[in-house]
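Novice: If you want the building blocks of each chain, they are given just below.
Protein chains: 2
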Amino acid sequence: MITVYGFSPSGNCHKVRLLLEQLGREYAWVETDSSQGATRTTEFLAKNPNGKVPFIELDDGRVLTESNAILCWLADGTPGFEGRFLPADSWQRAQALSWMFFEQYSHEPYIAVARFICGWTPLDSPRRADLPRLRERAHQALAVMERHLATMPWFTGETYGIADIALFAYSCVADHGGIRLDAYPAIRDWLARVARQPGFVPLPAPDAAAQGLIDKST
Amino acid sequence: MITVYGFSPSGNCHKVRLLLEQLGREYAWVETDSSQGATRTTEFLAKNPNGKVPFIELDDGRVLTESNAILCWLADGTPGFEGRFLPADSWQRAQALSWMFFEQYSHEPYIAVARFICGWTPLDSPRRADLPRLRERAHQALAVMERHLATMPWFTGETYGIADIALFAYSCVADHGGIRLDAYPAIRDWLARVARQPGFVPLPAPDAAAQGLIDKST
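Sequence lines, in order, name chains H and V.
Using our numbering, the letters of the first sequence correspond one by one to residues 1 to 218.
Using our numbering, the letters of the second sequence correspond one by one to residues 219 to 436.
Accuracy of the hints is not assured; some may be wrong.
Label pairs and their in silico Cβ distance ranges [what the hints assert, rightly or not]:
#  : chain 1 : residue 1 : chain 2 : residue 2 : range
1  : H       : Asp124    : V       : Ala401    : 31 to 37 Å
2  : V       : Leu263    : H       : Pro185    : 47 to 53 Å
3  : V       : Arg398    : H       : Ala150    : 24 to 30 Å
4  : H       : Ala150    : V       : Asp278    : 50 to 56 Å
5  : H       : Ala183    : V       : Pro350    : 34 to 40 Å
6  : H       : Arg193    : V       : Asp393    : 19 to 25 Å
7  : H       : Pro132    : V       : Asp393    : 45 to 51 Å
8  : V       : Pro403    : H       : Ala183    : 32 to 38 Å
9  : H       : Asp124    : V       : Arg365    : 32 to 38 Å
10 : H       : Asp124    : V       : Glu376    : 46 to 52 Å
Simulated from the structure, these hints should not be mistaken for laboratory data.
Every residue, glycine too, gets a C-beta built ideally from N, C-alpha and C.
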């Protein structure tokens with residue numbers, strides 16, 4: 001059994017849930033509210049010294065951190081599913097990894113952080129001064145994705161896979177951070193294709209408090 | 219033949235050079251000064267729309283971006299070297315990838331960016347106001363690495379490999395950003411072990427202008 005420590009509204013955490021659902025694997029979910037300090041307790045830091053969710057824990061106590069590394073392990077290490085969510089060819093696999101590093105370096109720090117600030121910080125937070133810069137960089141990342149999708153239907157290779165899951169996680173809720181997708185028809189089509197994949201589960205909606213803040217921020 | 223587009227003082231670019239040297243592979247290097255706008259030209263953006271170095275180009279024109287994805291491809295796709303720089307076991311491989319995602323999300327944006335600001339922006343740049351926050355987060359990342367090295371000699375698995383190359387790139391020049399390693403004896407020992415690996419080549423020293431700025435900033 002795999003135990004996932006995750007915060008349900010987090011796109012990074014949802015990546016893991018989505019792939020586990022699509023693989024049909026059993027798992028336990030330990031809800032861990034990183035917006036309320038649950039990733040900074042002594043007990044949590046003993047498992048993940050980097051103080052972040054998601055991470056997974058196996059029955060023997062072994063731990064794996066970093067959402068995209070977890071996706072790689074699940075895609076690689078699930079008998080019967082080899083090659084389904086991550087290509088076997090080393091060049092195609094590297095292209096998928098390239099998009100996953102792009103996601104963590106050029107996409108998530110802008111789109112996910114803008115969303116977090118809008119929904120999970122007070123309306124008078126000084127972090128809100130960062131929003132214009134974050135939104136500008138978010139649009140740069142989206143433009144790179146739009147350009148790719150003009151020539152290829154997926155980010156993982158010839159079929160849907162873990163690079164699509166990684167990029168879907170926050171692209172699908174970019175509007176929560178005040179980042180509109182009107183200018184990106186190929187991204188909107190790709191989001192709809194992802195949502196039609198077998199076993200798809202949507203990211204849970206923000207709770208009422210977060211939705212209220214989002215409504216006042218965007 | 220592999221052509222690397224890179225800026226020699228960049229740790230991200232040096233990762234690719236270091237592994238190519240250690241693999242004994244032939245390559246061409248196209249010096250691309252990202253500090254002077256060379257990654258923002260129309261010609262450059264046609265090859266890498268994300269406007270960053272390094273990337274590699276094969277003779278048939280295929281391109282691979284993202285330093286850590288390039289390391290994965292080189293480690294995987296070099297006949298005779300399988301398993302030497304990236305473990306074959308899927309759990310160990312995922313652990314190495316986890317450190318590489320950690321590097322790009324929790325390490326490079328603080329240690330590399332602090333170094334860039336110190337050495338490659340004017341002394342009156344408004345970006346210098348970010349330095350205290352960047353250094354604080356840099357030390358958080360270094361503390362996570364120090365804790366790992368108390369139990370394991372490498373980040374890639376049982377032997378040296380691409381996760382070590384990824385984390386070495388900027389850890390070895392943290393002092394350029396005013397981030398001292400005095401409190402991290404295990405990191406200092408690991409840096410020395412990396413530098414003793416066969417085929418090791420050091421990161422080029424900053425040029426006189428950058429070194430002058432670094433001296434005045436740290």
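Novice: Please go over all the hints and tell whether each is borne out by the structure.
Specialist: Going through the hints against the structure:
{"no.": "1", "hint": "H/Asp124 <-> V/Ala401: 31 to 37 Å", "verdict": "36 Å, holds"}
{"no.": "2", "hint": "V/Leu263 <-> H/Pro185: 47 to 53 Å", "verdict": "21 Å, violated"}
{"no.": "3", "hint": "V/Arg398 <-> H/Ala150: 24 to 30 Å", "verdict": "47 Å, violated"}
{"no.": "4", "hint": "H/Ala150 <-> V/Asp278: 50 to 56 Å", "verdict": "21 Å, violated"}
{"no.": "5", "hint": "H/Ala183 <-> V/Pro350: 34 to 40 Å", "verdict": "37 Å, holds"}
{"no.": "6", "hint": "H/Arg193 <-> V/Asp393: 19 to 25 Å", "verdict": "48 Å, violated"}
{"no.": "7", "hint": "H/Pro132 <-> V/Asp393: 45 to 51 Å", "verdict": "33 Å, violated"}
{"no.": "8", "hint": "V/Pro403 <-> H/Ala183: 32 to 38 Å", "verdict": "51 Å, violated"}
{"no.": "9", "hint": "H/Asp124 <-> V/Arg365: 32 to 38 Å", "verdict": "36 Å, holds"}
{"no.": "10", "hint": "H/Asp124 <-> V/Glu376: 46 to 52 Å", "verdict": "51 Å, holds"}
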